[in-house]
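Asks: Sequence:
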Amino acid sequence: MTALTKIFVGMEKGVEAIMSNFTELDGRTAVTSGVIDSTSPFVDYSTKKATGAVHYTKVGPIVELSGVVTTSTTLTAGSTGTICTLPANLIPKIGKNAVMSGSYENHWLLSATSDGKLTMDRHGAGAKTLDFASGAWAPFTLTYSVDD
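Letter 67 of the sequence shown, counting from 1, is numbered 1057 in our numbering, and no numbers are missing.
Simulated from the structure, these hints should not be mistaken for lab results.
Ideal Cβ placement from N, Cα and C applies to all residues, glycine included.
It cannot be assumed that every hint is accurate.
Taking lysine-lysine pairs in the PhoX-like style, the calculated list, with each CA pair at most 20 Å apart, reads [to be verified]:
hint, residue 1, residue 2
1, K1107, K1048
2, K1118, K1086
3, K1039, K1107
4, K1048, K996
5, K1048, K1086
6, K1107, K1083
Listed next, with one range per pair, are the computed distances between beta-carbon atoms [to be verified]:
hint, residue 1, residue 2, range
7, E1014, K1083, 20 to 28 Å
8, G1068, D1138, 35 to 43 Å
9, A1117, H1045, 27 to 35 Å
10, H1045, V999, 43 to 51 Å
11, G1024, K1083, 15 to 23 Å
12, M1090, T995, 40 to 48 Å
13, S1010, V1049, 17 to 25 Å
14, T1075, D1121, 22 to 30 Å
15, A1007, H1097, 49 to 57 Å
16, H1097, S1062, 20 to 28 Å
17, E1014, S1093, 41 to 49 Å
Turn these sequences into a full structure, and let the hints guide you.
Replies: Now the structure itself:
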């Protein structure tokens, strides 16, 4: 990241310096988006394929992950499943967690970990931990910031 040029009245090549600053700021807020393939046994809920199961948008240092996944096999109660491995530019310095809702009254913990994993954990209903059945619906959205 380049430092911005200080602008002052009467400076030589002031217009160029201003444009350079705008270019630098535009680069800082670049928007990127794409998809990440899931890790077995997770697949995209609608296509039942691993390809493009997790969508991301990154605006500057802000990351949004979203998708609707299921599993091709049952995820046993109490286990942690890795939905996908995050690209380096989407990994939070400190892990981020959020509770998601799924089929019926089920809930689960979605985590973007500092070691680059997007995980499902603690699937259950009320205070009871349950298996995550093959074909169950698990929509999610997680927004957090990263160091650029």
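Asks: Each hint needs a verdict: does it hold in this structure or not?
Replies: Hints, one by one, checked against the model:
no.: 1; hint: K1107 / K1048; verdict: holds (17 Å)
no.: 2; hint: K1118 / K1086; verdict: violated (23 Å)
no.: 3; hint: K1039 / K1107; verdict: holds (19 Å)
no.: 4; hint: K1048 / K996; verdict: violated (28 Å)
no.: 5; hint: K1048 / K1086; verdict: holds (16 Å)
no.: 6; hint: K1107 / K1083; verdict: holds (12 Å)
no.: 7; hint: E1014 / K1083: 20 to 28 Å; verdict: holds (23 Å)
no.: 8; hint: G1068 / D1138: 35 to 43 Å; verdict: holds (37 Å)
no.: 9; hint: A1117 / H1045: 27 to 35 Å; verdict: holds (32 Å)
no.: 10; hint: H1045 / V999: 43 to 51 Å; verdict: holds (47 Å)
no.: 11; hint: G1024 / K1083: 15 to 23 Å; verdict: holds (21 Å)
no.: 12; hint: M1090 / T995: 40 to 48 Å; verdict: holds (45 Å)
no.: 13; hint: S1010 / V1049: 17 to 25 Å; verdict: holds (22 Å)
no.: 14; hint: T1075 / D1121: 22 to 30 Å; verdict: holds (24 Å)
no.: 15; hint: A1007 / H1097: 49 to 57 Å; verdict: holds (53 Å)
no.: 16; hint: H1097 / S1062: 20 to 28 Å; verdict: holds (22 Å)
no.: 17; hint: E1014 / S1093: 41 to 49 Å; verdict: holds (47 Å)
In summary, the numbered hints that this structure violates are 2 and 4.
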